[in-house]
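Chemist: Protein sequence lines correspond, in order, to chains A and B.
Note that the first sequence covers residues 599 to 704 in the working numbering.
Note that the second sequence covers residues 86 to 199 in the working numbering.
Source of the hints: derived by calculation from the structure; they are not laboratory data.
In silico lysine to aspartate or glutamate, DMTMM-like type, Cα no more than 25 Å apart, as pairs:
#1 B:K109 - B:E96
#2 A:K620 - A:E677
#3 A:K655 - B:E187
#4 B:K153 - B:D141
#5 A:K663 - A:E652
#6 B:K153 - B:E99
#7 A:K663 - B:E187
#8 A:K607 - B:E129
#9 A:K607 - A:E678
#10 A:K620 - A:E606
#11 B:K163 - B:D141
#12 B:K163 - B:E147
#13 B:K153 - B:D142
#14 A:K620 - B:E187
#15 A:K620 - B:E129
#16 A:K613 - A:E677
#17 A:K620 - A:E630
#18 A:K671 - B:E187
Computed from a predicted model, the values in this text were never measured in an experiment.
Now for the letters of each chain:
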Amino acid sequence: AQRVTQPEKLLSVFKGAPVELKCNYSYSGSPELFWYVQYSRQRLQLLLRHISRESIKGFTADLNKGETSFHLKKPFAQEEDSAMYYCALYGQNFVFGPGTRLSVLP
Amino acid sequence: DAGVIQSPRHEVTEMGQEVTLRCKPISGHNSLFWYRQTMMRGLELLIYFNNNVPIDDSGMPEDRFSAKMPNASFSTLKIQPSEPRDSAVYFCASSPGGTVAEQYFGPGTRLTVT
Chain A
599 AQRVTQPEKL LSVFKGAPVE LKCNYSYSGS PELFWYVQYS RQRLQLLLRH
649 ISRESIKGFT ADLNKGETSF HLKKPFAQEE DSAMYYCALY GQNFVFGPGT
699 RLSVLP
Chain B
86 DAGVIQSPRH EVTEMGQEVT LRCKPISGHN SLFWYRQTMM RGLELLIYFN
136 NNVPIDDSGM PEDRFSAKMP NASFSTLKIQ PSEPRDSAVY FCASSPGGTV
186 AEQYFGPGTR LTVT
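So that you can see chain A by itself, here it is in the shape it has in the complex:
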């Protein structure tokens, strides 16, 4: 069975502080992992995927197969990062986590 968990429903940080959005998964095979983001009044969109190993808008995420995690990190949060973030896994099919709402305070 596939499962994605995001333990925090809401995460609040101050501008300039580091931020880490946690994502853990369960899947017996080799998954593809993604982070999607939904800004206020905008469509859900891809932020990054683990196979690209890229940094988007200052965010990075490393797949840790030992810990079955794919945490999203940014060293210095900005107010415009406030949004809903979803971790997603593709194994046998596509599964989204419940999402974490990030609020960056001024």
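With the hints as your guide, set chain B onto chain A.
Modeler: For chain B alone, kept in the frame of chain A given last:
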């Protein structure tokens, strides 16, 4: 390109009525996905098509739900009869290269069944 187009954007209907949601994927994309989003269950994949063929419909909640993709530029999700627990936001997404490629989401249809 206008992106993925969904209609209607909002739908309010009474229990027992038939509801049809529509989606136009991005031209050239060969995969299409239907999702349902609720506060309780989050974002759930209902069904996805590849080259107009349904590949996985294991997420379709019950027989009241059906989805079709008669051609590469159009898909429908139908609920008949609708029930209050079907109230949710329904998203359509398309992808150029199957499930592992980036999915482009539509704006969603907010369905309210009274």
